[in-house]
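Visitor: Sequence:
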Amino acid sequence: MKHCRSKSPCTICNRSNHNSLLCKNQLVTATTSHSSDNSSVLLLIQQVHVVDSKKKVTVFFDSSSTGTFITHRAAKRIKAKRLKAKRLKAKRLRPVKLNLTTTGNVESQHSTYLYEVCLASSSGKPVTITCFGLDQITGKVSSLNLQVIKELFPNLDLNLFQRHSEEVDILIRADLCSFHPRQIVATAGSNLKGFLLSA
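One point on numbering: in UniProt numbering, the residue at position 77 of the sequence shown is 77, and numbering is uninterrupted.
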């Protein structure tokens, strides 16, 4: 912040060392959308390695979400670090309040925790993300119809695309698009109804 040109105090807490967008005292709001149980939809779901662990998590890269989430079950399984709410200056961990808006403008408020997770990128580079804990992120993730994949992409190994879990462990939001898969593996079709597989 020492290079920041703005000297205006935060409009939430009146401190001058940060902008109100970064204020820890604000009520956090996030939106996300959930897909239907339609097995013909190819969502960006991948197995990702957790750094310093032999464990993997199922990650949904959601291009329409403004929040990053982890299930409490996955956080416990991978021993994710639970973060303190800095605004409380507390010595013990306390929950944060999260307003969540989902498809259909359905709003809910959650008392939850923030977790820090270090994932390995496709090149092996560690990537640390901060996630809000939720009991569940999506409904059951359906298995892909391998016959449909084979028809669309006859030259690809079908096992590369089979989902290994029925549950999404982590959802990564849209503004972390640099973490989203970017390499195009194959395409079928050239319009809005076309398919794209990326890695």
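If you're looking for bench data, these hints aren't it; they were derived computationally from the structure. Ideal Cβ positions, reconstructed from N, Cα and C, are used throughout, including at glycine. Just so you know, not all the hints are guaranteed correct.
Pairwise CB distance ranges, derived in the manner of DEER restraints [said to hold, decoys possible]: (1) Gln-147 with Pro-95: 19 to 25 Å; (2) Thr-130 with Thr-102: 29 to 35 Å; (3) Leu-176 with Lys-84: 33 to 39 Å.
Listed below are the simulated DSS-like cross-link pairs for lysine-lysine, each with C-alpha atoms no more than 25 Å apart in a straight line [as the list claims (entries may be wrong)]: (4) Lys-56 with Lys-79; (5) Lys-79 with Lys-125; (6) Lys-76 with Lys-97; (7) Lys-97 with Lys-150; (8) Lys-79 with Lys-97; (9) Lys-55 with Lys-140; (10) Lys-125 with Lys-150; (11) Lys-79 with Lys-150; (12) Lys-150 with Lys-140; (13) Lys-54 with Lys-125; (14) Lys-97 with Lys-56; (15) Lys-125 with Lys-55; (16) Lys-140 with Lys-125; (17) Lys-81 with Lys-56; (18) Lys-150 with Lys-81; (19) Lys-125 with Lys-97; (20) Lys-55 with Lys-81; (21) Lys-56 with Lys-76; (22) Lys-125 with Lys-56; (23) Lys-76 with Lys-54; (24) Lys-84 with Lys-97; (25) Lys-76 with Lys-140; (26) Lys-54 with Lys-97; (27) Lys-125 with Lys-76.
Visitor: Against this structure, judge whether each hint is valid.
Guide: Structure-based check of each hint:
{"no.": "1", "hint": "Gln-147 with Pro-95: 19 to 25 Å", "result": "violated (46 Å)"}
{"no.": "2", "hint": "Thr-130 with Thr-102: 29 to 35 Å", "result": "violated (20 Å)"}
{"no.": "3", "hint": "Leu-176 with Lys-84: 33 to 39 Å", "result": "violated (22 Å)"}
{"no.": "4", "hint": "Lys-56 with Lys-79", "result": "holds (12 Å)"}
{"no.": "5", "hint": "Lys-79 with Lys-125", "result": "holds (20 Å)"}
{"no.": "6", "hint": "Lys-76 with Lys-97", "result": "holds (20 Å)"}
{"no.": "7", "hint": "Lys-97 with Lys-150", "result": "violated (45 Å)"}
{"no.": "8", "hint": "Lys-79 with Lys-97", "result": "holds (22 Å)"}
{"no.": "9", "hint": "Lys-55 with Lys-140", "result": "holds (20 Å)"}
{"no.": "10", "hint": "Lys-125 with Lys-150", "result": "violated (32 Å)"}
{"no.": "11", "hint": "Lys-79 with Lys-150", "result": "violated (38 Å)"}
{"no.": "12", "hint": "Lys-150 with Lys-140", "result": "holds (23 Å)"}
{"no.": "13", "hint": "Lys-54 with Lys-125", "result": "holds (15 Å)"}
{"no.": "14", "hint": "Lys-97 with Lys-56", "result": "violated (28 Å)"}
{"no.": "15", "hint": "Lys-125 with Lys-55", "result": "holds (16 Å)"}
{"no.": "16", "hint": "Lys-140 with Lys-125", "result": "violated (30 Å)"}
{"no.": "17", "hint": "Lys-81 with Lys-56", "result": "holds (16 Å)"}
{"no.": "18", "hint": "Lys-150 with Lys-81", "result": "violated (41 Å)"}
{"no.": "19", "hint": "Lys-125 with Lys-97", "result": "violated (32 Å)"}
{"no.": "20", "hint": "Lys-55 with Lys-81", "result": "holds (15 Å)"}
{"no.": "21", "hint": "Lys-56 with Lys-76", "result": "holds (13 Å)"}
{"no.": "22", "hint": "Lys-125 with Lys-56", "result": "holds (15 Å)"}
{"no.": "23", "hint": "Lys-76 with Lys-54", "result": "holds (15 Å)"}
{"no.": "24", "hint": "Lys-84 with Lys-97", "result": "holds (13 Å)"}
{"no.": "25", "hint": "Lys-76 with Lys-140", "result": "holds (20 Å)"}
{"no.": "26", "hint": "Lys-54 with Lys-97", "result": "violated (32 Å)"}
{"no.": "27", "hint": "Lys-125 with Lys-76", "result": "holds (23 Å)"}
The structure fails hints 1, 2, 3, 7, 10, 11, 14, 16, 18, 19 and 26 (numbered hints given earlier, in ascending order).
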